[in-house]
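Each chain, written out:
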Amino acid sequence: MRFRYESRWVHHCYVCRDLWRHHWFSWVHDQARAQPVSNGCRQGQTVDLTPRTSPDNAPLAPRKRNRKWKYVAMLVVVVSTGGFIVSQFLTSAIDFYCNVDEIGKREGCEPNRRLRVQGTVEQDSLKSDTGSTTFVLMFNNQTVDVRYNGDPGGIFQECIPVVAHGQLVGDTFEANRIEVKHSNTYSEANPDRLAQSKAEQCSLLAG
Amino acid sequence: MSTETQSFKGVGTPTTRMYGLMAVVALGWVFFGGLFFTPEDAVQGDAVRIMYVHVPTAWVAYLAFIVTGIASACWLIGKKHSMGFDRVAGASAEVGVLFMAMTLLSGSLWGRITWGTFWVWDPRLTTTAFLFVTYLGYLAVRGLGGTAEQRARRSSVIALLAVLEIPLVHFSVVLWRSLHQRATVLSPDGDIKMDGLMLFTLLFGVFGFTVLFAWLVSHRQRIMAMQDAQQVTALDAAVTERLNEVQV
Chain A
0 MRFRYESRWV
10 HHCYVCRDLW
20 RHHWFSWVHD
30 QARAQPVSNG
40 CRQGQTVDLT
50 PRTSPDNAPL
60 APRKRNRKWK
70 YVAMLVVVVS
80 TGGFIVSQFL
90 TSAIDFYCNV
100 DEIGKREGCE
110 PNRRLRVQGT
120 VEQDSLKSDT
130 GSTTFVLMFN
140 NQTVDVRYNG
150 DPGGIFQECI
160 PVVAHGQLVG
170 DTFEANRIEV
180 KHSNTYSEAN
190 PDRLAQSKAE
200 QCSLLAG
Chain B
0 MSTETQSFKG
10 VGTPTTRMYG
20 LMAVVALGWV
30 FFGGLFFTPE
40 DAVQGDAVRI
50 MYVHVPTAWV
60 AYLAFIVTGI
70 ASACWLIGKK
80 HSMGFDRVAG
90 ASAEVGVLFM
100 AMTLLSGSLW
110 GRITWGTFWV
120 WDPRLTTTAF
130 LFVTYLGYLA
140 VRGLGGTAEQ
150 RARRSSVIAL
160 LAVLEIPLVH
170 FSVVLWRSLH
180 QRATVLSPDG
190 DIKMDGLMLF
200 TLLFGVFGFT
210 VLFAWLVSHR
220 QRIMAMQDAQ
230 QVTALDAAVT
240 ERLNEVQV
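First to last, the protein sequences are chains A and B. Under numbering that gives the first Met the number 0, the residues of the first sequence are numbered 0 to 206, in order. Under numbering that gives the first Met the number 0, the residues of the second sequence are numbered 0 to 247, in order.
Honestly, I wouldn't trust all of these hints.
Here are some of the chain B residues that sit facing chain A, going by a computed Cβ distance under 10 Å [claimed, not checked]:
#1 148
#2 174
#3 178
A partial selection of chain A residues facing chain B, derived with a Cβ cut-off under 8 Å [as the list claims (entries may be wrong)]:
#4 67
#5 87
#6 96
#7 100
#8 117
#9 131
#10 135
#11 143
#12 151
#13 155
#14 168
#15 181
#16 186
#17 189
Hints are computed from structural coordinates only; laboratory data are not their basis. A virtual CB, placed ideally from N, CA and C, is assigned to each residue, including glycine.
Work the whole structure out from these sequences, hints included.
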């Protein structure tokens, strides 16, 4: 016997037929066919199918309602969380995202406002003392001095791209948050090549 | 034993067992290869090993949501409105949410080690979180009640809208300035800047998580089929009982 949707080609190929008949689409179809669909009504006979509200069936109703309210509550939480995510994103976007060479040149990157400044930590510029970290941030051959109170954390090091959050005070960018970017290049750590690749990376990332 | 009882004996088939076996083998390699055989990254060190879980789970979550979208479209467009499509859509969304949660969790840990923070309101992270929440909402809507057809109709419309978020998430690193790095394997210039063994393990991870997804979805949608069938059977039993009362 051929199954529904089973082509003649599939039917005559033993392996194909076996795969098809065990395939889940076919399985679901078979399940649907296996379900008893009984009516049982004689012609002209009417049956009252109104849900019962007798004490026997009473416990079922609250349980069903609770299940529904569980999903309604979940939906409320989901919508609130979605609103929170969007509001947080928009709030953080108030600090304009600028490259070092865009400070004071691009609209939104005015020096007198809070900014997120992106650039690469220049080689041999990193200094840490008495809980403060200073370095030079570079992009497209333009530099800015950065001071951060604390240890930036992560894989912060020289020749790595970072994003500094803060404001320009005089000639120094006073950062209150440092985020370390990493490139989309993944290469094996090799101590012999490390110094060379670091210098190459530094000049490459500096734009 | 009746045919009906036999057919509900279990939800496994040779095909699903094959999926399961392939997933175990592939993920076994990802576990051992990722932890012991692949090299450290020159910049990130051992933290790069998180990538073998983070990237595949993200890709498979995208795949799951795309499958949900396609199955929902098939349900809406199809003349017969086969409930099989609706069940595949629901099962795929459930598994997709699971994988997306794994992506967010592993990404957060990776971010703490490399960026120095668990979370930033960056375009990629924010859109991913929003995608996750959207599909949680999709699952909540599926559970709101009503008939199976009502459930399928409202959830398929949501799925078709939600799937539009995926390009936004994927290209967010290109559209906006982002802390998250750009794509390595699917980079537009076609130059994959990744060590050979790292790339092999990553692609094996993608394969392993994909067959795991297929295995989970095929089982989950069958369980859903059984739940739907159980409701039909219960209704049939109730109608028969009422008929018997009338006849008596």
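Each hint tested on the structure:
At about 14 Å, the closest approach between the beta carbon of residue 148(B) and any beta carbon in chain A exceeds 10 Å, and the interface hint on this residue is violated. Nearest Cβ of chain A to the Cβ of residue 174(B): about 12 Å, over the 10 Å cut. The hint is violated. Contact between residue 178(B) and chain A, as hinted, is supported at the beta carbon level, the nearest pair being about 5 Å apart and thus within 10 Å. For the restraint placing residue 67(A) at the interface with chain B, the shortest Cβ-Cβ distance is roughly 5 Å, inside the 8 Å limit, so the hint holds.
Annotation: residue 87(A) was flagged as interfacial toward chain B, and the flag holds, the nearest CB pair being 5 Å apart, inside 8 Å. At its closest, the beta carbon of residue 96(A) sits 4 Å from a beta carbon of chain B; the interface hint therefore holds under the 8 Å criterion. With its C-beta approaching chain B no nearer than about 14 Å, residue 100(A) sits outside the 8 Å limit, and its interface hint is violated. For residue 117(A), the interface hint holds, since its Cβ comes within 8 Å of a Cβ in chain B; the closest pair sits about 7 Å apart.
Proximity of residue 131(A) to chain B is violated relative to the hint, the smallest CB-CB distance being about 16 Å (cut-off 8 Å). Hint status for residue 135(A): violated, given a least beta-carbon distance of 19 Å to chain B, over 8 Å. Annotation: interface hint on residue 143(A) violated; nearest CB of chain B at approximately 17 Å, more than 8 Å. Contact between residue 151(A) and chain B, as hinted, is supported at the beta carbon level, the nearest pair being about 6 Å apart and thus within 8 Å.
For residue 155(A), the interface hint holds, the least distance from its beta-carbon to any beta-carbon of chain B being 7 Å, beneath 8 Å. Interface hint status for residue 168(A): violated, as the beta-carbon distance to the closest one in chain B is roughly 23 Å, over 8 Å. Nearest Cβ of chain B to the Cβ of residue 181(A): about 5 Å, under the 8 Å cut. The hint holds. Taken as an interface hint, residue 186(A) checks out: its beta carbon lies about 5 Å from the nearest beta carbon of chain B, inside 8 Å.
Interface restraint check for residue 189(A): the shortest CB-CB distance to chain B comes to about 7 Å, inside 8 Å, so the restraint holds.
In summary, the numbered hints that this structure violates are 1, 2, 7, 9, 10, 11 and 14.
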